[in-house]
Every structure is written in structure tokens, then in C-alpha cells.
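K.L.:
So the sequences go chain by chain: P and R.
Here the first sequence is numbered in the UniProt record's numbering, starting from 1 and rising by one per residue.
Here the second sequence is numbered in the UniProt record's numbering, starting from 1 and rising by one per residue.
These are computed hints drawn from the structure, not numbers from a lab.
Each hint should be verified, as a subset may be incorrect.
No copy is singled out in the list; a pair is fine if it fits within one copy or between any two copies.
Straight-line C-alpha distance at most 25 Å; calculated DSS-like pairs for lysine-lysine [claimed, not checked]: (1) LYS141 - LYS16; (2) LYS317 - LYS8; (3) LYS141 - LYS272.
Source: prediction; values computed, not measured.
There are 2 protein chains.
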Amino acid sequence: MNEFEFIKSIQQRNYKRSGLRKGIGDDAAVFRQSYQDTVTAVDTFVENIHFSRKTMEPFHIGYRVLAANISDMAAMGCDPAYYLISIVIPKEWTEQELHEIYQGMNDIANQYKLDLIGGDTVSGSQLVISVTIIGFVDQNKARYRSDAVDGDVIFVTGTLGDAAAGFHLLSEGNNNDMDKYNYFIQRHRMPTPRIAFSNALKELNRVALNDISDGIANEANEIAEASHVTMNIHYDRIPIHQSLKDFSAEQQRAWSLSGGEDFELIGTVSEKDWPYVLEIAASTNTKVTSIGYVTNHQNLNGHTILIENGIGKQLNKSGYTHLK
Amino acid sequence: MNEFEFIKSIQQRNYKRSGLRKGIGDDAAVFRQSYQDTVTAVDTFVENIHFSRKTMEPFHIGYRVLAANISDMAAMGCDPAYYLISIVIPKEWTEQELHEIYQGMNDIANQYKLDLIGGDTVSGSQLVISVTIIGFVDQNKARYRSDAVDGDVIFVTGTLGDAAAGFHLLSEGNNNDMDKYNYFIQRHRMPTPRIAFSNALKELNRVALNDISDGIANEANEIAEASHVTMNIHYDRIPIHQSLKDFSAEQQRAWSLSGGEDFELIGTVSEKDWPYVLEIAASTNTKVTSIGYVTNHQNLNGHTILIENGIGKQLNKSGYTHLK
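Given these sequences and hints, build the entire structure.
P.N.:
Here it is, written out as C-alpha cells:
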């Protein structure tokens, strides 16, 4: 099967989005969307750097790659609609394995009604998958990291550290662990972007949002920097899954603060909007937890403070704390 | 310099496009464009497959990669506005060389007023550059391969075979040749996408367009297939540069039919619109040549016929001819 046949084989027979004028099959794709802003991002995943055959089947690689991009759209409060795939394929990969990668992408694309509208398939020495995602958001409702203000409630969705626990189990665990902790393994392989929740917040004028791809320590600091505020987070309020407590305190701490790849959201809203966020969380079946508050401390702005046993320490992007 | 510092170093200080709401610096970029359709494509370039340090300086690699994408926009009759870059960097590449790649992209981006709005920089074993380009076109004015009809004039812009000649000279030529044929070398390294010409055709209701990235034999057949017509091309009307005649007849033939990477346009319009196309060509300082005509021959539709010395032979995508 050559490149053209392969592209033909993954081309959709029917498109889900009515705004699409031209999908795969010309020099470019064409779509129409009036009265909304367009949102786009690209993410690139390299074998043995971002994922490994040791912890992922080809299906999971495809699923997770696209999940990460959809999560970027959730972090923008945006409805993902289209994606384009560029893939560099080493000759060791079989056609069957490639199809499994596309099946993984297709599986999550169907859940979120995404259309594959373009792509490029080339050969190379190392598997590289680059995904461009395009979505739409009501005008002036894109959710930026720079929108946190003094007095805001800081919240996160879901539980943190799950994906890192799953990765640990797949890398070092035994078969018993795999069965017992299947939840964590699924969280590593097939994360859930929080589109329903973030899109349902659109009535709010202001929400700062960021998705947790590198660990909350990193993402909280990104909000602090972009908004020029101080993020204050209580360590004991960071939500973790019940079974995470089976692991050592050090592991729990490392995974929940800097494990990353949970693809949950961290956000801030004004205190008066907090009850509404809880309502939306309930209606979209999303666990949401308040973990702290935003302050304006001249010499701490741009930083995150982790509060433990009543003592606040500066939390670095890597997850390391030190007294300021 | 780590990934974040590098992204910061290539981030634009000012954006050119007024529709841009958010460039690099959040989970995704946001732009607004009303009353036009959005057009997007992705292209991926791998070192030693699509380009080589032997024939390109890093600056040229960046320039040419983006030129190829802009050419896709020309082939859609579309105004390119934004691009996103994903780059996989092997550790052998120096920071200086990477900056030269970005300078090459920046140079052509400035010519066409494109803004870099997103990107991802990761490490890997082989240099891979993936570009997503986004542009705009008036509603229902995107130019498809499928729009050729019986009786149309077939035209091409510029001259064909130049880039292949340049590649040949850089790969096998001596220093004397380099100076004498600098034109061809530039055409290989810094091709000119035909945006001005294709955008100026927007008054026309119907133009079929395709850009010549793999050779006219391939691109003519793509139009024939998509439009279910027969493309008839006179070999002696295919425009070549005067200096190409210094090379053997076999080289001229191979390069002009299937050399590729000239990034000229092949198109078809109705005979009544042909004088208007010539006017637009003159006003945009673009060489345009009529090379044949479209017919509707039941058993030849989907194919291209190359006419030489009054005899028509079927022209394969690869540039090979045989009697039908």
C-alpha cells in the first residue's frame, strides 16, 4: 500500500460537521464558521520520548495523542471540530499497526464528533505523530491563562496523579497490579479531555483555564505568570483517587504535583461564580474540587505557594518546594 | 536553551493580522474571520527524504518548507494568514542552525504577511518539520481540482523543470555550473508560490487549480481524476527556461514533466475567461502559458494525454508515456 492508498483508506466516507466544505482530497481543506472565533493548536509526539510501545498498544497511542489535543481545546473552553494528522512512519511499523493507531484516533474523534480533514504520511527513522486541532468558541469566550484575578477560587477537575501511577504500573508493575489497578492504566492510556465541563461554563464572562499535561505544579505556575498573581494551593485539598493511597507518600506527592498527563483542568473563577461552577460540574458529571485561592502579593506574583500544615512554600514548576 | 526559551525566542513581538486574538502563549491560538471560508493544510518534511543539507543551508530549508505550504494556499485561490510549526530536533543540530531555519521561514512569512501562531519543539533522532497553514478565501471561491470541464483551456504559470535542474546542479554540478546556473539553484532553494496571481483570479466563478509539487504529469492527472475529464497537453508548449536547453533532451523531458517542486500552478478555465486570465497574469507580473485543453472522452476521462508530433500518448503520473 503506497501513501495515496493509505490516505484513501483512512479518509472518512461521511463528515460529521456541517460547516465542512472540503475534507481530504484537494490541496487543502475548507470550512465555514460564522459568528465564532476559531481556535487551533499543534502537538507533536515522538516514539520513546512521549510514548512507548512498552506501555501502549498502537490503538492507545492514537487515542492518547488526539486526547491530548482535545484537552487543549477544553482548556480554551472551545468545541473541537477538525483535526489534521502528520505521521512519520519507520519501515519497522506494519500496516496493521498503523491502522490501529488511526483506529485509536478515530475512536476518540467519534466521541467528540471530530472530522479528520487533512494529513500527510511520510517515511522516516522514528515514529512521529503531529496533530493540528481546530475548534470554535463564542466570541470573547476563549479561556486564557491570563484571566485569573485576586480573590478567585482555584479548582481542578477529576483526580491527579492517576496517569503517572498507570505509567509506573505498566513500566514496573506485576500482573496482579495490572488487574487491581486497571483504573490507573486506563487513565494513562485513554485519558478523558474535559470538553463537556469546560464548554458548559460558557455563560460565565471570565474563567482562567489550563489543562494539566505536565503536572499541576507546572500549570498553576503558568496561570500565576500569565495573570501576574499568586496561586495558593492547599496540598491536602488536591484530589487523589482512593487507590493512590496504596502507594508511598513520596509517590503520591510526586505523581499528584508533577506526574502530568492526567489531562484534567485547573482553573480560577470569582467566588460569586463558584456555586455556578459546582452546578455545571454536577450537570456534566464532572468531579470538581476547590483547592485554593488567588492573591495579589507584589513579591510573590508569578509564583505558586503550596500550603502544608499551615506553612506556605514556593512550588516550582517541576514540583519541588522551597521556602521563599 | 530549553524548549520554553526557544519558543520564546521565536515568538513574534507584533502580529500582522488584525483578526488574531491570541498568538503563541496559551493552550491554543485564537483568531476571528467573518464572511470568509477558512482553508487549512499540513505538510511534513523529513531530512534526507524531502531535503538534504547537501543542497540546502538551514535558511533554505525553512524557506522552502513554508513556501511549499503557501503554494497549497495558492492552489486553493486563498490568502495565507497563519502558520503553526512542529519541529523534531536531533541533538546534532546547533541552536544557531535552528535559528537559521526559523529565519528562512520568517523571511518568506514576512513577504506574505503570515503570522506564526503556534508550535511545538521536541527532540528526536531525525529532523522533521511539520507546517500547518491557515488561510482565507471568499465564500464559494476555493479552487478545486474537481472543477475542470470539457472545453477548458489548460494553463501553467512560470517555467517547469527549474527546481529539478537546480537540485541536479547542487548534487552533481561543479563550481562553474553553480555560478552560471544560479537561477535554477535559487528556484530549488527559494521557490515562489503564486499567491498574487491565484488570489487576483477571484472574480472568476470557476477555475480549477493545482500546484505543481510532484511534476505536471502527476498534477494534471489529479485534475483529470477529480474532474472526470481528459487533460490534453502539448509537450512543445510546456514552458521551460531558456537555459534548460543546455541540458540533454532526456533531462529536459524528465525535469519538466516530473521534476516537481517548482511550485508553479496548473489550472483550467473556460475559453471565454482565458483573455481575463492573461490580463491578470500581466497585472501580477506572472508568466502564464496555455498548454492544452480539456475534453470529455468517455474512455480517456481521468487520464492525461501528452501530444507530441501530432501523436497523443497517455501520460502516467510518474511522467512515463505509453500508447493507449
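K.L.:
Would you mind marking each hint as holding or not holding in the structure?
P.N.:
The hints, checked one at a time:
| no. | hint | verdict |
| --- | --- | --- |
| 1 | LYS141 - LYS16 | both (24 Å within a copy, 23 Å between copies) |
| 2 | LYS317 - LYS8 | between (44 Å within a copy, 17 Å between copies) |
| 3 | LYS141 - LYS272 | within (18 Å within a copy, 48 Å between copies) |
Of the hints listed earlier, there is not a single one the structure fails to meet.
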